[in-house]
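> Here is how the chains run, residue by residue.
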Amino acid sequence: ETAVFQTPNYHVTQVGNEVSFNCKQTLGHDTMYWYKQDSKKLLKIMFSYNNKQLIVNETVPRRFSPQSSDKAHLNLRIKSVEPEDSAVYLCASSRDWRNTGQLYFGEGSKLTVL
Amino acid sequence: GDSVTQTEGPVTVSESESLIINCTYSATSIAYPNLFWYVRYPGEGLQLLLKVITAGQKGSSRGFEATYNKETTSFHLQKASVQESDSAVYYCALGGATGGNNKLTFGQGTVLSVIP
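Residue numbers (my numbering), protein chains in the order written: chain A, 1 to 114; chain B, 1 to 116.
Hints listed in this document are in silico derivations from the structure and should not be mistaken for laboratory results.
Backbone N, C-alpha and C define an ideal beta-carbon position, used for all residues, glycine too.
Errors might be hidden in some of the hints.
[Stated by the list, open to error] What follows is a set of in silico ranges between Cβ atoms, one per label pair, in the way DEER data are often shown:
1) ARG98/A <-> THR12/B: 35 to 45 Å
2) THR24/B <-> LYS110/A: 38 to 48 Å
3) LEU114/A <-> THR54/B: 29 to 39 Å
[Unchecked claim] Among chain A residues calculated to face chain B with C-beta under 7 Å, some are:
4) LYS41
5) LEU43
6) MET46
7) LEU54
8) VAL56
9) SER69
10) ALA72
11) PHE105
12) GLU107
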């Protein structure tokens, strides 16, 4: 049963436009993540938030900015998208940052940049 | 940095045959990593299949097994008799809190197709 919800599931846009992806989890978890899955299907972490605080910020271009209004929501905004931003963006949550056990993932948001 | 390498797919197996998907890891930032297998079934989100947090231990779920081998830095996924419903993408991953931050490093994924 899905408990991590992402919108939109698909988005097609032009180079230079702004895009936002939304994520909500109903599990009561403290920690949320954004992962990027590129064309080679590699999954890499981008950001992690614990109770609205940024705790992981990998080497990600500055046009990417995460936003968390509360611990159940973590959005991702991309200003001025580039072709290499085409990917599937996966949101996930876990009970807390110390729990390296189960991550719960959303179905993903596929971005295509023309 | 940390890395995970797994069997290059796609892997095609006939129903009731045995399966092994290889996974080896390199953990440079985590002394004692936790190891995971995640699976993505068609039309569904990525979900945990099994995990092992102690070297030498075996994890199992839905007929799949994987043993955490610290000596060979491996965590191969095995199943004695696959079913068509096992067709999915399988990801090996390692994780562990480093510097207070929790993150997973994934392999590239292995597409499994089970032929009825």
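> Run every hint past the structure and note whether it holds.
So, going through the hints one by one against the coordinates:
no. : hint                             : in the structure
1   : ARG98/A <-> THR12/B: 35 to 45 Å  : holds (40 Å)
2   : THR24/B <-> LYS110/A: 38 to 48 Å : violated (30 Å)
3   : LEU114/A <-> THR54/B: 29 to 39 Å : violated (48 Å)
4   : LYS41                            : holds (5 Å)
5   : LEU43                            : holds (4 Å)
6   : MET46                            : violated (10 Å)
7   : LEU54                            : violated (10 Å)
8   : VAL56                            : holds (5 Å)
9   : SER69                            : violated (21 Å)
10  : ALA72                            : violated (17 Å)
11  : PHE105                           : holds (4 Å)
12  : GLU107                           : holds (4 Å)
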